[in-house]
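> What follows is each chain in one-letter form.
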Amino acid sequence: MSLTKRKDTLPIPPVDAERYTTVCQYCSAGCGYNVFVWPEKRSGTAKSNAFHVDLSKQGDIMSGFSYTETMHNVITRKNGNRYNLAIIPAKESRINKGDYSIRGGTNALTAYTPTGVTKDRLKYPLLRKENGFVAISWDHAVEIIATLTKKSMDKYGADSVAMKFYDHGSSGLGFEDNWGAGKFFLTGVKTQYLSIHNRPAYNSEVWGSRERGMHELNYDVDDARLADTIVLWGANAYEGATIFYTEHIMPNLQGGSIDEKKREFASGEPADEGRIVIIDPRKNATTTVSQDISAERVLHLRPNLGTDWILANALARIAWENKWYDNDYLQKRTDMKTFEDYKSKSLELAKSLSAFLADAEKITGVSRKEMEEAAAWIAKPKAGGFKRRTLTLYEKGIIWNMKNYDQVAAIAQLNVLTHNVGRPGTGCGRLGGHQEGYVRPGAPTPGSIYAGGPPKNVDKYVTGGGGKIYWVGATDPYLSTPNSKFFKKSVKKRATDLLDYLDNGGIPSDPKAYIAKVLEAFEKTDGLFMVVQDIYKTHTSEDAMLILPAAGWGEAVDTSINCHSRLLRIYDKFMDAPGEALPDWKILALVGNKIKALYTADGNKEMAARFSGMEWKTDAEVFADGAQEFGDNRATEAEEARLSAECYKGVTHEMLRKLGNEGIQTPVRQDPATGKLFGTKRRYQHTFASKDGLFKWYGTDAWTGYPAEIAKYLDNPTYPYWFTTGRSQHVWQTMYHDKRIPEKLMTVPLPYLEIHPDDASKLSLNTGDMAEVFNEEGSCLALVYVNDATKPGLVFGIMFHAKGTMNNLTSSYTDPKTTIPWYKGTKVGVKKYYGKLDDAIKTVSLLSNNDFRTQ
Amino acid sequence: MSDISRRKFLQTTSASALLLFSGLGRESQAASVQSYPSKKIGNIKNLKVNEPLAFNYPDNNSPCVLVNVGKEASGGIGQGKSVVSFSTRCTHMGCPLTYNNGRLVCKCHYSMFDVSRNGQTYQGLASQWVAQVVLRLDAATGNIYAEGVEGLIYGRIGNLKLS
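Chains as they are written, first to last, in our numbering: chain G, 27 to 881; chain X, 1053 to 1215.
One chain only, chain G, in its complex shape (with noise of 0.2 Å):
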């Protein structure tokens, strides 16, 4: 009778059991698990196991102990032999205390078995044939890729290779493939066409704080505890980084973190329940649970779409009015040369400020009302005259949304304004998607256009006839690019041309024939080779020439930090990659030493030096090359702000592996006197990361309507809802793990829209019925949720899904200044459409996920 197979007992792992740690290969948390492999055939006792649990008892609520079906598999070594796998939250991570969330609670399902929903990864390199992919030696897939690279380089130019790579930590894996990716692309192959994994440039998504002086992830977890305030701006926080929320945010909500406050606040500073302000055009899940918790200390804002630098500015005009601000820090902590424009530009002081909250009122649609309680609650200082201490963290909703560079400039600037960076119980910056792990040589452009970009659209590149090659890593831009239905026909259309000249009388078999024939192709036809590095095939890899298939979280040694502590800690190798996949860093060094080798076989000592350096033998070595492009990390606790956010140099994988669940926070520095590693808990509290250690302030763009790209559809009758789009809490990204687990499909079985009653009855539409949300951009066919998330006259949808993307819906436009797209806004028209899906609906719950009252 159960739509899922269901177990009603599990394995026991004996005293003697591998054990391994790890950190969830999943969201910005970064939880802490432990990791147990033991043969398939043997059994601990309920008294006697490796979990040191007695499991003769009922277990204790909330103990930090959990151990349920999601947290098991059986695995098959390259040995032959088959292991039971048990990975369990760890309780002794002050990340997550034993906690987990939906994601990581399935880490073990996602394991590769031979039999099981991951049987499908790719084992071995693919090469496009004439009916599709056969499978050919690594041999023959380094030569024909490094071949085809250098002989495009050497004709066409280094522009001619463009490439899409993730750059981050957790599931992508972190420092090694980064720093392997890094060398073979910006130091071998030295194109200008890179992008990262989730947009279409190669860029910061926070240039707008970083050219301030502040690196965004600069708080520690303990200041979710200890903040008498929490900004969530554009950041829902419950569903996106769950544990985070649970552990951190809401025991502060619920008045459970006094004490820790007590203990760390000055003599007689007040301490109290936290403070919550969520600023988000939706009724999310974070605003009900928080509301559901204590409303009186939940304020919601709700701003017009792309309209948030104005209300940030109009925040911090209230604070300035209020004198909310501490002179004496901004004159020695900040650049009061610069804070002259941010006076004139952002806070307008030439404007009265009636004149400026309203013409702010009418832009944002927040009123005057909730922007002076906002403010108070942000800045106003406590009984008895102590600062506020607020914490404001923001992620998507602004970094992607309309000018990204104004919008994060306006929200560090606030926060800085009202001294709530570098004390306990403050911070400003990302809350974060995935995990970090950034370690690469030089980027071509090193900021925005005020620090020598933009940086080049690669989308726009590719679209548009530009480069020979196009290596997409571990992303699949058909779904995950903005405007990507223009995206997909164009890349499509490329790929297809170079197909069909190679087929041309039966796509050649040996490599040196395939080779040359592929280069007559450049020559001859605009076609586009593009090769797809993955775990799984994507939508993107079906027009793929090549695919080159990579190891998983757990199959390689790994390290990252999360985001909301900057905590480096091992990902350790449990088992075997499936069939010959290898790590990406092994991939790209594969490939790099081959067009090393043709190099100096042509006498070019120049290119081959270009492509030397990548003979690492082990993950170790490759992380240890990396933390060299950190440089000195010699620096007392003052001087941190001088350190790279995530330099780990003087780390190794053996000392991490001691240090388990623990960890060190980067940046990483070396005491001057003792030689010693410390880590940094919070930053900037002396100085700011600039030359002369100021904070250095900008003054924003008045507000000039919106982009021709949107403008379009202002007054167009055929579409009438603004459209946002976000994350679902139970599944990940693009879904490749998710879609093949059961249960993850079952319960979002398809892209989904949220739309208010009051648009919904005008439609005829009901919970459970299908729509088709368009524009000129394209259209996206969906599962309707009907409920108050949204506000009337906008609506939501899940950003992608494996079976169909929202993205055909938004826009080309970037952010000239840092060419940061703007996914989260365009205007649509909905329609019902006609029949429902009933193999779906019978296994969806169709019950509202931001309604937790039970009164």
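Derived by calculation from the structure, the hints in this document are not laboratory data.
Idealized CB from N, CA, C, for every residue including glycine.
Hints are not guaranteed to be accurate.
With beta-carbon atoms standing in for the labels, derived distance ranges [claimed, not checked]:
no.: 1; chain 1: X; residue 1: ARG1188; chain 2: G; residue 2: THR30; range: 32 to 40 Å
no.: 2; chain 1: G; residue 1: ALA292; chain 2: X; residue 2: LYS1213; range: 51 to 59 Å
no.: 3; chain 1: G; residue 1: ASP865; chain 2: X; residue 2: LYS1213; range: 49 to 57 Å
no.: 4; chain 1: X; residue 1: ARG1188; chain 2: G; residue 2: ASN742; range: 54 to 62 Å
no.: 5; chain 1: X; residue 1: ASN1095; chain 2: G; residue 2: THR71; range: 38 to 46 Å
no.: 6; chain 1: G; residue 1: PRO746; chain 2: X; residue 2: LYS1213; range: 52 to 60 Å
no.: 7; chain 1: X; residue 1: ARG1188; chain 2: G; residue 2: ASP298; range: 47 to 55 Å
no.: 8; chain 1: G; residue 1: GLU118; chain 2: X; residue 2: LYS1213; range: 24 to 32 Å
Just some of the chain G residues that point at chain X, by a computed CB distance under 10 Å [claimed, not checked]:
no.: 9; residue: ASP86
no.: 10; residue: GLY90
no.: 11; residue: GLY130
no.: 12; residue: LYS515
The hints should help you fit chain X onto chain G, whose structure is shown.
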């Protein structure tokens, strides 16, 4: 998990916890490693829509709920296949679940389970769907019997393996 969450849980959920843990299931069933016991837990004629009945199964340390959800439910019995039963230990960290209007809600971390969809976690943290009690209806008498559990009861290595 934090101390506060535990304290808060005790404050906010004491009413439902009492309801679930006290004075129920007088007849004790010894746990068997062989098979699930058959236990009479109610009568279909007495079940009103959305008024849950608490009981313990497969032993006295395993709170469950029996409910008529008023619409067809996966695994449901009765004329409208609308009567279902679930463990009320949250599969996330074991907190007591409260039945409300077609769903089981946990106030520790806000997981919510759809009782007409096999206890599907439609929102929240629990990666395992809630364990569902297998029911048998005696057509003649209307008596409802619990006769098995599909899915693991939280905090156990096996549903019938407590010492």
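> Going back to the hint list, which numbers does this structure go against?
1, 3 and 12
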